[in-house]
Amino acid sequence: MNQENTFSYKYSEKEAKEIQEIRKKYLPQGESKLDELKRLDRVVQNSGMVESLCIGIGSLLIFGLGMCLAMQVVGSGAWIIALGILLGMIGMAGMAVSYPIYRAIYRKTKEKHAPRILELAEELSKEM
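Reading the sequence shown from the start, the letters are residues 2 to 129 in our numbering.
If you are wondering where the hints come from, they were derived from the structure by calculation, not from laboratory data.
Don't be surprised by glycine CBs; every beta carbon is placed ideally from N, CA and C.
Don't take each hint at face value.
Calculated lysine-lysine pairs in the DSS-like style (CA-CA distance at most 30 Å, straight line) [as the list claims (entries may be wrong)]: (1) Lys127 <-> Lys25; (2) Lys18 <-> Lys113; (3) Lys34 <-> Lys113; (4) Lys39 <-> Lys113; (5) Lys34 <-> Lys127; (6) Lys39 <-> Lys25; (7) Lys15 <-> Lys34; (8) Lys39 <-> Lys18; (9) Lys111 <-> Lys127; (10) Lys39 <-> Lys26; (11) Lys39 <-> Lys109; (12) Lys127 <-> Lys109; (13) Lys111 <-> Lys39; (14) Lys34 <-> Lys18; (15) Lys25 <-> Lys15; (16) Lys15 <-> Lys26; (17) Lys109 <-> Lys25; (18) Lys111 <-> Lys34; (19) Lys127 <-> Lys113.
Simulated DEER-style distance windows between Cβ atoms [claimed, not checked]: (20) Ala94 <-> Met72: 35 to 45 Å; (21) Leu119 <-> Val98: 25 to 35 Å; (22) Ile20 <-> Val98: 48 to 58 Å; (23) Asp36 <-> Ala83: 54 to 64 Å; (24) Ala83 <-> His114: 43 to 53 Å; (25) Leu28 <-> Glu112: 32 to 42 Å; (26) Glu5 <-> Met129: 50 to 60 Å; (27) Glu124 <-> Asn6: 49 to 59 Å; (28) Ala105 <-> Met68: 51 to 61 Å; (29) Gly59 <-> Ala83: 18 to 28 Å; (30) Cys69 <-> Ile102: 23 to 33 Å; (31) Glu37 <-> Asn6: 49 to 59 Å; (32) Glu128 <-> Glu22: 20 to 30 Å.
Please model the complete structure; the sequences and the hints are all you need to start from.
Structure follows, in structure tokens:
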């Protein structure tokens, strides 16, 4: 008496697709040309944003402190008013330079990545 006890189960198409998606997450993957193009574009578009926001927000806080001192909300006396005016002017200057700093960093990053972006765009447009 030779009995073979075997069991086989087939997954539905939906489950098989889900299994393949999970499997794909854990396989080593190379970056495709389109993915590289998208990544480089994001790098260029977001460059300088963090630096500019930090300078602008920090300068705004300094400006606000200066206003509080100048209007004698915090402290009193002539030297507090003078310190408040000085801090307010420093804060205004910092806010004024935050956008030019953003533009300078953006321009520098754009010049750095432009050749590769144009090369990838040309390669991908030829493949279409």
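We went through each hint and held it up to the structure:
1. Lys127 <-> Lys25: Within the cut-off at roughly 28 Å; holds.
2. Lys18 <-> Lys113: violated, 40 Å
3. Lys34 <-> Lys113: Cα-Cα ~18 Å, so holds.
4. Lys39 <-> Lys113: holds, 16 Å
5. Lys34 <-> Lys127: holds, 12 Å
6. Lys39 <-> Lys25: This hinted pair holds, its Cα atoms lying about 20 Å apart.
7. Lys15 <-> Lys34: Satisfied, since the Cα-Cα distance of roughly 29 Å is no more than 30 Å.
8. Lys39 <-> Lys18: holds, 26 Å
9. Lys111 <-> Lys127: Holds - the C-alpha atoms of Lys127 and Lys111 are around 23 Å apart, at most 30 Å.
10. Lys39 <-> Lys26: At roughly 19 Å apart (the allowed maximum being 30 Å), Lys26 and Lys39 satisfy the hint.
11. Lys39 <-> Lys109: holds, 18 Å
12. Lys127 <-> Lys109: holds, 28 Å
13. Lys111 <-> Lys39: Status holds; Cα separation ~14 Å.
14. Lys34 <-> Lys18: holds, 25 Å
15. Lys25 <-> Lys15: Holds - the C-alpha atoms of Lys15 and Lys25 are around 15 Å apart, at most 30 Å.
16. Lys15 <-> Lys26: holds, 17 Å
17. Lys109 <-> Lys25: The hint is violated at about 36 Å.
18. Lys111 <-> Lys34: Since the Cα atoms of Lys111 and Lys34 sit roughly 18 Å apart, the hinted pair holds (cutoff 30 Å).
19. Lys127 <-> Lys113: holds, 23 Å
20. Ala94 <-> Met72: 35 to 45 Å: violated, 20 Å
21. Leu119 <-> Val98: 25 to 35 Å: holds, 31 Å
22. Ile20 <-> Val98: 48 to 58 Å: holds, 54 Å
23. Asp36 <-> Ala83: 54 to 64 Å: holds, 56 Å
24. Ala83 <-> His114: 43 to 53 Å: Since the Cβ atoms of Ala83 and His114 sit about 47 Å apart, the hinted range of 43 to 53 Å holds.
25. Leu28 <-> Glu112: 32 to 42 Å: holds, 36 Å
26. Glu5 <-> Met129: 50 to 60 Å: Since Glu5 and Met129 have Cβ atoms about 53 Å apart, the given range 50 to 60 Å holds.
27. Glu124 <-> Asn6: 49 to 59 Å: Taking Cβ atoms as reference, Glu124 and Asn6 lie about 56 Å apart, which means the hint holds.
28. Ala105 <-> Met68: 51 to 61 Å: violated, 28 Å
29. Gly59 <-> Ala83: 18 to 28 Å: holds, 22 Å
30. Cys69 <-> Ile102: 23 to 33 Å: Distance hint for Cys69, Ile102 holds at roughly 26 Å.
31. Glu37 <-> Asn6: 49 to 59 Å: holds, 52 Å
32. Glu128 <-> Glu22: 20 to 30 Å: holds, 25 Å
Of the numbered hints stated above, those contradicted by the structure are hints 2, 17, 20, 28, listed in ascending order.
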